[in-house]
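Produce the entire structure from the sequences given, and follow the hints as far as they go.
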Amino acid sequence: MAFYDRMMSIDRRIIFLSVALAVAIPLLRPLGFPVQVSEEVRSFYRELEPLKEGDIILLSFDYEGDVMAELNPMSEAVLNHVFPKGVKVVALTTYAGGTGIAERLLDEAAEAYGKTYGEDYVFLGYNPDWSGTILRLGESFKATYPTDQYATRMADIPLMEEVETYKDIEMIVSIAGSALSEYWAIWAGGRYGVKVISGNTAIQAILIYPYYQAGQISGFLGGLKGAAEYERLIERPGMGIRGMDAQSIAHALMLVFILIGNIGYFMVRRQQARLKRKE
Amino acid sequence: MKKQGPIAVAFLVGFLMLVQFFTPNPFFLKLYNWVLDWKQVVLGCTFILGTWSLIRYHLTKIQRRKENWQYSYVTLIGLMVTVVSAGIWKTASGPYPWLFNNIQVPMQSTMFSLLAFFVASASYRAFRARTVHATLLLVAGALVMLGRVPIGNYIRGEVFGVEISLVAISDWVLNVPNLAAKRGIMIGVGLGMSATAIKIILGIEKTYLGRSD
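Those protein sequence lines, which keep their order, are chains A and B. Here the first sequence is numbered in the numbering used here, starting from 1 and rising by one per residue. Here the second sequence is numbered in the numbering used here, starting from 1001 and rising by one per residue.
Each statement offered as a hint is correct.
In silico DMTMM-like pairs for lysine to aspartate or glutamate, Cα to Cα no more than 20 Å straight-line:
| # | chain 1 | residue 1 | chain 2 | residue 2 |
| --- | --- | --- | --- | --- |
| 1 | A | K85 | A | D55 |
| 2 | A | K195 | A | D168 |
| 3 | B | K1030 | A | E139 |
| 4 | B | K1090 | A | D107 |
| 5 | A | K85 | A | D107 |
| 6 | B | K1039 | A | E139 |
| 7 | B | K1039 | A | D129 |
| 8 | B | K1030 | A | E164 |
Hint data in this document are derived by calculation from the structure and do not stem from the laboratory. Just so it is clear, the structure is predicted and the values come from calculations on it, not from any experiment.
Printed below as a string of structure tokens:
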């Protein structure tokens, strides 16, 4: 009886230590589990792949530092996919904490591909009113953002001469740790007819399926797995693929703990029933 | 008048914004853009109000030596240092990006990654097959957890001559039962939001005005 009781009440410190090891070891020594590409990620890739030199996309960094580990690989992969093609990027963020993330990723990618700020990409910065921003961009980019993140007037940015409304961009790519992708689809996609694709945390991705099936979101990356699949498609392995081993082992470990708890639960219940019958 | 004024404003703005959605009339388009511009201005002002409230709350806490008052100094100093460094050196260089990359980002990431440990511990304790519903949740959770990671690719086999993989089952759970439930909730929420909006426009729902005293 005591053994089965122990199965039901493993010390949380043992669980914490096991999770830490399950995540750390595969990150240090990758196991190389194969990554299979899902249909939603293939759709995401299919939207970006035909873009050609001079096309413009709007990339929205809809997240902060908390979900960076899950979403940064997606943003990096998108930039690694579009910059070599000569696609121009108009970036913004709907989170105050997103400015630092966006600046870092854009600068790193721009340096790697020799892109010029203002001509090949621009960072509009953060606007506190995300709902107003999504709607107002459909009428005028310049009225929504009179200046970019660095207080340069829109008239002085060559790239922004080509962009007046959503009609001038190919699509919106929303990398989001919240419901922002849904709002881009509802307001920008619904009202202005612009194509929306998204990258979302694994938790949020569950909520994207209805939009994807209805065609309101043309493709999406779900969690680190989505990032890993996309990295595989663009043939640029990054943190997504490296993190997949750790996530696999951590998920398997959690299921083992759940299984142990349930075996203990059923054995204790069986023994209690047996004792009752004897009485 | 204290109540009638805001109700009249809500009715007018709500009604005009509703109408503009269905008409391409230039007057309504101009009005729509004007309201959106003002919305951004108002939202910007709420940041000033929020910052002032935060400062006042923590100053009061320090003055009255309330529990954990020492941490209020951390909040206020952190706020001042961030604002001043962004004001003097701008956001692209100087101490501001350093503060962001070396303090804010690690703290946010740490807080979020702690969830992995608590979720593991909580799921071990809570996921027990006590009832039929709990068992269904447990099975669906297990299928999706394994099906959404590469290790799930290895779990496949033949049942009555048909090849079945865990990934395919996991995809079915997400695309059929999950989608049906989510869509039902979304339709319900949408109808609820429309009903509440109509009630606010017509002045039936007045809780946004605050208490009458």
